[in-house]
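K.L.:
Protein chains in written order, with our numbering: chain A, 1 to 185; chain B, 1 to 142.
Among these hints, one or two may not hold up.
[Claimed, not checked] With a straight-line cut-off of 25 Å between C-alpha atoms, the simulated SDA-like cross-links for lysine to any residue are:
id, chain 1, residue 1, chain 2, residue 2
1, A, K3, A, K55
2, A, K7, A, L66
3, A, K3, B, I132
4, A, K16, B, N60
5, A, K184, B, W138
6, A, K6, B, D89
Everything labelled a hint here was simulated from the structure, so no lab data went into it.
Quick caveat: nothing in here was measured; it's all calculated off a predicted structure.
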Amino acid sequence: MWKYEKKLEYPVNIRKKDLKMAKYLMAQYGGPDSELAASLRYLNQRYSMPDDRGKALLTDIANEELAHIEIIAAMISQLTKGASIDELEKAGLGGHYSMHDHGLFPANPNGVPFTSSYIETSGDYIADIESDMAAEQRARATYEHLMDMTDDIDILAPLSFLRQREVVHYQRFKELRNYYLEKKI
Amino acid sequence: MNNYRDYYNYANNNYNQPNYKNTLNANIYDPYQGFIRGNMFPDLYNTYKLNKPVEIMPKNEQAELLTYIDALCFALIDLNLFLDLNPNDENAIRLYNEYRKEKDMYMRAYQDKFGPISLDSANLDGSTWKWIKSPWPWECEY
Ligand SMILES: [Fe+2]
Chain A
1 MWKYEKKLEY PVNIRKKDLK MAKYLMAQYG GPDSELAASL RYLNQRYSMP DDRGKALLTD
61 IANEELAHIE IIAAMISQLT KGASIDELEK AGLGGHYSMH DHGLFPANPN GVPFTSSYIE
121 TSGDYIADIE SDMAAEQRAR ATYEHLMDMT DDIDILAPLS FLRQREVVHY QRFKELRNYY
181 LEKKI
Chain B
1 MNNYRDYYNY ANNNYNQPNY KNTLNANIYD PYQGFIRGNM FPDLYNTYKL NKPVEIMPKN
61 EQAELLTYID ALCFALIDLN LFLDLNPNDE NAIRLYNEYR KEKDMYMRAY QDKFGPISLD
121 SANLDGSTWK WIKSPWPWEC EY
């Protein structure tokens, strides 16, 4: 069961419209290593975890990733607020406008829609956890690419927070994997 | 709200900083320092591009009180992940519960004054349904 709290995990308060960054941020909204993919991946994999630690960790990280989807969505929403059609077209979002207007839609920056094939679930907990470690590293790298593309502190602050969470998640998945290998569970 | 005055000073419109206790032996940031880094654990912390963490600059008292809640909620999230893998760490469990109680206190103070964050809030009683009141989290109007 899920409960909603009417607040973000980390505040988003972007003062300057930036349609290019909004477009690039869709990598983490609807791309293969997006927060959406991460949350759904862990939520599906948790049923294969062999003990209580794994079931708890995948549930709790999945839950946090849901909060990260909301942060990315808040950023895209604020970055595109009040944008004209002309501005959207100039930023390469004309295709997005034609199908979704100013609405949010989980696709990657090139407009490729999110697909469930991003959700790697093998039913083998070691294979799954190791793919999660790799996914966290790819998400960290994506955040670094996004941080490379802006100097707006209002954008950098939440990106830096989200990047750091991938660092921690990677470490926790690695500890879980090592624990299972050592204990030969 | 017996402790309200301990946490909020009406006279100068200035919240008292939370008084974080650290009973954990492991190296750990206090909730605010952890929150602005996105990481409670100095040993795991590594930076990119920004050479120091970005301070939260609350625009008003609502945002300031929310920052304390955000910091405590964050400490709970990160301690939770740590505890999933270290379920017998009594000090971490004690710290988790201290922050949880402190968070509950700030949540009550915030919701009494600015409206519900949670559908469990006692503040939902009354003649109008306060849950629908703006701002919504993505609107950043505080
Ligand atoms: Fe993550």
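K.L.:
With reference to the structure, classify each hint as holding or not holding.
P.N.:
Hint-by-hint comparison with the structure:
1. A:K3 to A:K55: 19 Å, holds
2. A:K7 to A:L66: With Cα atoms ~13 Å apart, K7 of chain A and L66 of chain A stay inside 25 Å; holds.
3. A:K3 to B:I132: 16 Å, holds
4. A:K16 to B:N60: 20 Å, holds
5. A:K184 to B:W138: 45 Å, violated
6. A:K6 to B:D89: 31 Å, violated
Of the numbered hints given earlier, the model fails hints 5, 6; all others are met.
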